[in-house]
Structures are given as structure tokens and as C-alpha cells.
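Peer 1: Residue numbers (our numbering), protein chains in the order written: chain A, 36 to 527; chain B, 7 to 520; chain C, 1425 to 1520.
Misleading hints may appear alongside valid ones.
[Unchecked claim] Simulated DEER-style distance windows between Cβ atoms:
#	chain 1	residue 1	chain 2	residue 2	range
1	A	56	B	508	29 to 37 Å
2	C	1493	B	250	24 to 32 Å
3	C	1468	A	302	51 to 59 Å
[Said to hold, decoys possible] One-sided excerpt, in silico: chain B residues whose CB lies under 7 Å from chain A:
#	residue
4	208
5	210
6	214
7	243
8	322
9	328
10	329
11	333
12	337
13	375
14	398
15	399
16	402
[Said to hold, decoys possible] Here are the computed lysine-lysine pairs in the PhoX-like style, where the Cα-Cα straight-line distance is at most 20 Å:
#	chain 1	residue 1	chain 2	residue 2
17	A	92	C	1506
18	B	405	C	1492
19	A	170	C	1506
20	A	506	A	484
Just so you know, the hints here were simulated from the structure itself, not pulled from any lab data. Treat the numbers as computed from the prediction; the structure is a model and nothing was measured. Think of the CB as a built atom: it goes at the ideal place given N, C-alpha and C, for glycine as much as any other residue.
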Amino acid sequence: MTHDAFQTIIGLEVHVQLQTQTKLFCRCSTAFGAPPNTQTCPVCIGMPGALPVMNGKAYQLALRTAVALHCEIPRFTKWDRKQYYYPDLPKGYQISQFDLPMSQNGHLAISDPSGVFEPKKVGIIRAHLEDDAGKSMHDEAASKADSRIDLNRTGTPLLEIVSEPDMRSAAEARAYLSELKLLLMYLDVSDCNMQEGSLRVDANINLHLETSHGKVATPIVEVKNMNSFRAVERALSYEAGRQFELWEERHIQLGGPGGHKTTRGWDDEVQVTRPQREKEESSDYRYFPDPDLVPVITETDHVEEVRRNLDELPAAIRKRLESKYKITSYDTDVIVNQGRDFVDFYVTVAESCGDGKRASNWLQQDVLRTLKEAELSIEEFPVSADSLGDLLNRVSAGDLDNSRAKDVFSRMFNEQESVEEAMSALGIVKVDTSALESLCRELVTANPKVVADVQEGKSQAIGALIGQARKQNSNANPAEVKRICLKIIASL
Amino acid sequence: MSLIESTAAQLHRQLTSGNVTSVEVTQSFLDHIQQHDEHYSAFISLNVEAALAQAEDIDRRRASGKPVGALGGLPVAVKDVICTKGQTTTCGSKMLRDFVPPYDATVVCKLKQADGVLLGKTNMDEFAMGSSTENSAFGVTHNPWDRTCVPGGSSGGAAACVAARMAPLSVGTDTGGSIRQPAAFCGVTGMKPTYGRVSRFGLVAFASSLDQIGPIAQTAEDAALLLQALAGHDPNDSTSSSKPVPDFLRAINQPLVGLKIGVIREHFGEGLDDEVAAAVREAVHTYQALGATVSDISLPHNQYAIATYYVIAPSEASSNLARYDGVHYGFRANEAEILETLKQERDTATATNQEATGKELDSELIRMYQRTRSEGFGSEVQRRIMLGVYALSEGYASKYYLKALKVRRLIRQDFDKAFEKVDLIVGPTSPTPAYPIGDKIADPLSMYLGDLYTVSANLAGIAGISIPCGFSKTGLPIGLQLQAPAFEEERLLQAAHMFQQQTDWHTKRPSLKN
Amino acid sequence: MSLSRKEIEKVSHLARLQLSDPELDAMTAQLANVVEYMETLSGLNTDDVEPLAHASDISNVLADDILKPSLSREEALANAPKRDAECYRVPAVLGD
Ligand SMILES: [Mg+2]
Ligand SMILES: [Zn+2]
């Protein structure tokens, strides 16, 4: 059997921290990085007698996301207790949603501009709202191996988004995550910071194989501990390979003897997955409706209102940019991936210079590079979209060439000058056509060797004339100099 | 009449008119407690200094003409399941022996705002699980009418302290009858308000969908005074109702005209003590004499109430009590011992090579959880946790838990139907008067069956009150239960007050042993 | 159907209760008795009945996303059976 004979089946479970000031069931801060146990109250540490009250903002953010993921929003939803013992779970249960989640049956479209896979819709089984646990830290230094518990994070609102097992490669999984993250950023519902745990990914993966006995599936493995999208992609590629080798070796099937679901963790240093200790009786969470919370009823009108009020989302923006500004899907992707402010910046530049392609090139090269070097966001960028448009407009009009334009751009950025100020500071003035023609005649006359070379077909020899022209007049447009010189030589 | 013999309403008038100070009133109750409570164990803890300081402050304000709250400096006892900031809140459990909440329950805030003087915390069945106050880590509470009998439960201390005149007012909680049944056993007035009428914030949960805080007092009028201070919407409790709170004290003096009362056929069946039945029938006659019309009603699903209750309440309890795991607060079992035991077991396992056969020992953490919970909880609490875990566990949840939720709806619908015909439902509070301490402790089911008449009000979320309506030949009080539709506490208090204008059962007081 | 000792053992583990052998026996007998009583519910047809989890019909209780003061760390940790200056302490969560 070859590697071509199996299909990788991947489903992703993403936990996203919603961007609220306060926790899901109490009004403690959700800010990251505070000293341990300074952001807790009787409610989030599950003190006897304390009761939860749902954060309305968290519900609205979750609803907005669910609508953007094309989910159905049932009229009735409730919260359930998921029960297990862990020291970072002070109530002894997580407040989550079991049989009646707030949203279900949605999808997210993914595509790859470089064509690695065909565009597809990944199904969303459900997205539900739940609270986060705290943090356990293993204290190796202590004389006895204790763990230390910090409950600052306990109760932070999470949206759990569960996909269908619709992805067929690690690349598709990565594309799904990138697109999901982009959507969440455009929706302004999460900062999606993986380092701070605002976005966490668990993956379920197995293989479907064609064998002489028909189709079989390998046992499902849940992969955890992936701290970047790159790690997800690598972990899943590794895991697919590992499962295939294991299949070849032992032929264990899903549901067969030894074919139960297992959990493995990604070791990013060694680039392998390793088995993880399984939580006992993990299947018996004894879910039941949390009697301390009341249901949420969402009327269709409200869902429609949320839908109407959604800002334009990445998929639609990509379509609009491609058709309106005639740029490639690769280019739209780069622009859209930078976020809504960058898209707005691009649109202004493109409209103002009348050349979508030129605007796209400039933004992708000069602007992005400058932003990166200066560690600025587009909102902080001192060159306005209008003035960059003005500059590009002059390039289109032939007032200055691309390389001079870059000098102007540099000054505009460094000295915070307008286009005019930068151009005059650099002494850039448009050379009028008759002056340029007489300069070219002088050069042709003074360089018979070049003329001879050109006449012999070595047209690149004209470069020497361009260099001399720029030395005499730095504003001479090289393309123009070349065109006029060739015309003169041809007429000799 | 001595201060401690007075009703809360009488004391309130004396305080308001300046005839007596809150310090005097508070001190006399504290003295009475200190003199007698060693024989009754109604209190788990007292706030002598804090109470007197609070009383002094109220007196000072009154003397200088500043506003004083609606309770006007009346002492109030609080069941030890309600959080009091800076003061131990034990829930009658070893688990929370040293637990000092960093916050006040909403009702405690309200009591303070109303200038109720917090006397101390009353004894109870551990985590409110029980009907006799025998399940307390701090000793059994004795019935003031007969020290050899139970006071009822779980608010046994709360009812006993009112009966024994150790407090004019007392706050209890009722999950399946825990206010009404001890009120009946102790010959006092106790009300379970509608679910949602009083905030549960700061009430340590037993079964969250059933728990409700309510007043225990000598008379319906006193209960009205206390309920007024306790009731009202609380944004910190999602299940708290935003319905406006009526003026209970004003309502109480308006007689009910054309009152229709229903007597539950099923409540006069097997298991009902003859003396209780006779006293309740007599009470019904009293209402008839007052102009009420009486009709027979049926609650056909009442026979399932105990089974339903003892699935739902333990299920919720098993979850609510998961937090007591020795990590964040409360008791933790001795770690060194755990470690030592585990080490021995591991050594044995290695010696006999058990690990190779796949038998794995629990981690130290799991052992810590297990030992903490086994040592920290009493046997009734452990039993109910087990019952609840079982009812919610895989393979059984639909047979027990989900089934019980469905029957709960049927029980609720029975009440809805009955209240189309009648204004109030009248019957016994408990099948028997108080029984001897130790009688039922070994037989949980027989104890559970004693809640037959009270649990359905909690399942349906409606209001109920127990008032004294007679005595047994042996001198034990008998309680009459009145039940009203949700948010009709006014009607209950009016009806109870009417009855108490005509009868004097509520004025009888036990003579205390020294 | 009555409750087996094996089931009681499983339930006690889920409940994180450590019961001795005699305790397990007593618990099995007492709970079997109670569970048998619960069986009366099975006789009732509830096919068309919606479960009732809450007695009240309140819905949509949502709070504003506005910060309120948290407990100080000292208040939060004051009741902890084992702690250090910053955190709660427990036997290692990584297990063996
Ligand atoms: Mg989750
Ligand atoms: Zn909090």
C-alpha cells in the first residue's frame, strides 16, 4: 500500500476567548498577565453560596460569531454543568452547553490561492459558550512536588467551535484555522492571541484506507498542545504518517480491539506526538442543566438584526477587491489577511491612484515592509492613504518614476512630509519634453560608441546614456530617456 | 411580659417608641441563649460583641433622630448555611468548620440594612440534608418541647431558637420542607416563600432549583415583618424574581373574604398520625367558621413527589458539593498520612508485581480528594452525593434524573389545576409530630417519607407556610400547612394571621429545662 | 432492579469518596432501598411531558460587561488549606 491509498480525516475543536472586560459569570477582569490570584471573586472561585450571572456581552459576541459562521440559532438555549475533578476547576464542574447549544450547523469556506487544495466549505457542528478553567503550575523546585493553582483565568468566556471532520490534509486544517482566526478578528470578538491562550486548538484525526477488504478507518486520535498554526500543521502531518505506519504494522481499526479514541500531545521541540495520560472516566461528565442559570431565548428578529449589522467579512471583501480592482486572489489574500484597516487603506489608495494593481504592489512591498521595520500598525502609519494615492497617481502620470517615487515615499514616512514637500526637498520636478529631447540629442552626439553598439543590436548599451542623462538631470525619467534616444538613433 | 416572651411585633413597637433599647433586647436574648442553649444546641456560633455593637449603633441613631431600618434593632438568628462576612459559616459540616466567607449573603446585607441585629448562626442538618437536625457536625439540636425529641430539620436550630425564645426572629432555608417541618415540630410559624422571592446569593447550595430562604417566627405577623426585609429582586441571583414585593404587614390585617380552601384528599391517607389528622380537620373547621368554603381537591401525582424529590435534590447536591475537595477552602485530610498509605500500597504492589497486571493506584491528588471528602462529610451527605451521582451517571440519567424532571412538571400541573379551583391548599405539614432523637437515623427512607407533604411545594416552586394548630397528647406541637400559588405570600400570611386571631396555639411556649 | 456493590464502588469513585468495605456494604443496602423506591417513577408514563428543570419561567438574565472589584489575593486565599504567598497548593496534578 502506498501513501496515496489513504485519506486523512481531520476535525478541529477551537476554543476562542471572547473579548470581554469581565468574566462569563462574574465581573472580575479577564486581563492577561496579572499576578496570580488577584482577579478572582467568590463566584469564579466557586465559593460556597456564590451564584453565576451571565455576561450579556459574551453572549452577544458568541451570537455574532455563530451568525457569521452561518449557524442556525435555536430559539431556546441553556447551560449545563460538565462535571469532573481538577484543582484548576474550583466548582468541580465547568459551565458549558450540552444538548441544546446556542448555535449549530454552520460552515466556513476555505480556499488556497496557490491551489494546494480545492476551495471547500468546512461544516461547523456547533459553537457554544462556556467558562474557562484556571492554571496549574507544577512546582519542581519545591521540596515536595506540589502544584500551584492560579485562578485568574477561571471563568473567562470561551466560545468552543467544533468543526465537522471535513478537512482532508494538514494544509486544509491550517487554512481553516487561518480563515477562522481572520473571521474572528474581523468580527472583533477575540484577539486570537495563541501565546496568551486566547485561541486553542485540539484536533481529531484518523485515516480512511482502501484495502482489499474494503474501506477501513484507523482509531481516532485527539491531538493537543499545539501552540501555533504551524505546530498544528506539523503535528497533523506527523500524526497522519504515524497512523499510517502503525496501520501497516498492526492493522488496528477504529472501534475494533484496541481501536478506541486516544489522546496525544504535540512535542514541538522534538516534532513528534506523544501519548497523554487519559483523564479517568472522561466519558461520564454527568451533564445536567445548571439550576443557577436561566435559559436564553433568542428571537429570530434579534438574529436577523445581528446578521444585518455584521460588517463586511473577509470572504466578501476578497470577492469585492478581486472584481473591482482586478488584482489576483493571491494579492487580495495578502491584503485581507492584514485586517480591516489595511483593506480600507488599500481601497483608498487604489481609488485615489486609479490603479489597483499598482496600489496592491506598493502596499504589499513598501508599506508592509515599512510597517514591519518600524513595528507599526496601519492605524499608526504616518503616511495617509490619500497622500500615498497622490504619490502613485503621479507615478501613473509619468511625473516621476518608480524608484524616485520610493525616495519620495521614504521622506514622506521619515520626515512626515506631504508628496509635494518630499518631491521638492528631493528636487524632483518634471522635465519638460523638449528639454529632455535636446539633452538626448547631446548625449547621442557625444557617444558614437554607444550609438554604434545599439545599431549593431546591443540595445542594452543604451543604459550608459540613461546613466549620463540622470547624472545631468536627476529628474530625467529613465523610460523616457530610453524611448527618445532610441528614436533619435533610429532616425540617424 | 418579659422582653424574651414578647412577639417581634410587640418588641418592635417598644423599640420604636423608645421604651426599650436594642441593646437591652439583644442582651436579654443573649442571656437567655447563654443560660439555656447548652441543653438544646440551637446555635452553632454567637456574635455577642458584634451584635451588641450593632444594637448600640442602632440605639444611637434612633436617639439622635436618624433613620432606623424596618427591623428597628430586633435580633435575628441566621441559619448557618447563609454566608456572613468575617464570621464562620459551617453549614453544620466538619468540611466548613473553619470557613470564613469574604462576603455577606444578599439576605444578610438586607438584614443589616433593615437594622436587624445578627445574634448568631443556628444549627442545622449538615448542608441542609436531613429532616431532624441530627446530621450536624456540631451536635444534635433538641426540641424545646421535649428534649428527647428532634426539632425537625434541616432548619432545626432556627425553629428551636424561636420556640425556646432565644430569638424573636430567625432565618431558615427550605429545600423540601426544611422551614415548615421544623416550624411544625417546634410549634412556631415558618414560611417557604415562592422560589425566586428571596435571593439565594450567599446561601450555600444544597439543591439550587429547590432551595429557598424564608422566615421563622412566633406569629404570621412577625413572619411578615421578617419576610419584608428578606424579599426582593437581586441582580446577583439569576433565578431571583423581579416581581414587586407587596407590603406584607399592611396586607396581613386585611381579612380574606370569600376564601376558598382546598383539602388534599391524598394527604389524609396511610401514614398520617391520628392526632395530626384530627388537629388539621379542626383547623379546617376554624376556617369554615371564619367564612371560608372548603372543597376536596386532588393532587394525583403527589404520590410521586418523594421519589421525584429524592432524585432531583441529591443530583443537584452531588454537583453543588463537588467543590468541597480540600483545595480552595475548608477541610483537607492529612497529606502526610495519605502519602504514607500510598507509599505502602505502592511498595506492596511492586513487591507482588501488581503494576505489571495493569492495576494502577490512584494519584496522591485523587487520594487527597477522596480522603478529604470521606472525612469531611457526614454519612447522610455522603449518601445523598452517592445517590445524586448515581442518578446522573451514564446509563441512569434518563431513567432517574430526566424522568424526575418530567414528573416534576406533572406535579406542578396538579397545583396549577388545583389553584384554578381554590385559593389555598390546606393540610398537615408533617405526617407525625416530632419523634424521638435516633428513631429514624438508621433508616434513611423512613426519614425521607416524612417529607411527603412538603417537598411538592419546592418541586412546583410555590409558597407554603406552617402554623401551629394543636398539640399531641404528649404535648408536642402539630403544624398546619397552607400552600398558595407562586408569589401569593400575601394570601398565606393573611390566612395564617386570620387563624392566629382566632386561636392561641401560636402563643404556647415550652418551659425550658435548666 | 437493585443496586450492585460494584456499581456503588464505581459511583463512590466518581463522587471522590473513599469508603471502607463495611461502609460500602452499608451504603449498598441503604441506597438499594432508596433506589427501589425511586423505581415507582418508572410506572408513570411521561412520554409527552417536557422536563421541568426550573420552577420559575425566568429567562435572559444578562449582566453588563462592567468591572467590579475582585477579592484581594489575601481574601481569596484566606480559607485555603494549603497555600503559599501567591497560589493554592495541591499534591502534584501530574500524578504518579
Ligand atoms: Mg470545551
Ligand atoms: Zn470573579
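Peer 1: Find the hints from earlier in the document that the structure breaks and name them by number, from lowest to highest.
Peer 2: Violated: hints 1, 12, 16, 17, 18.
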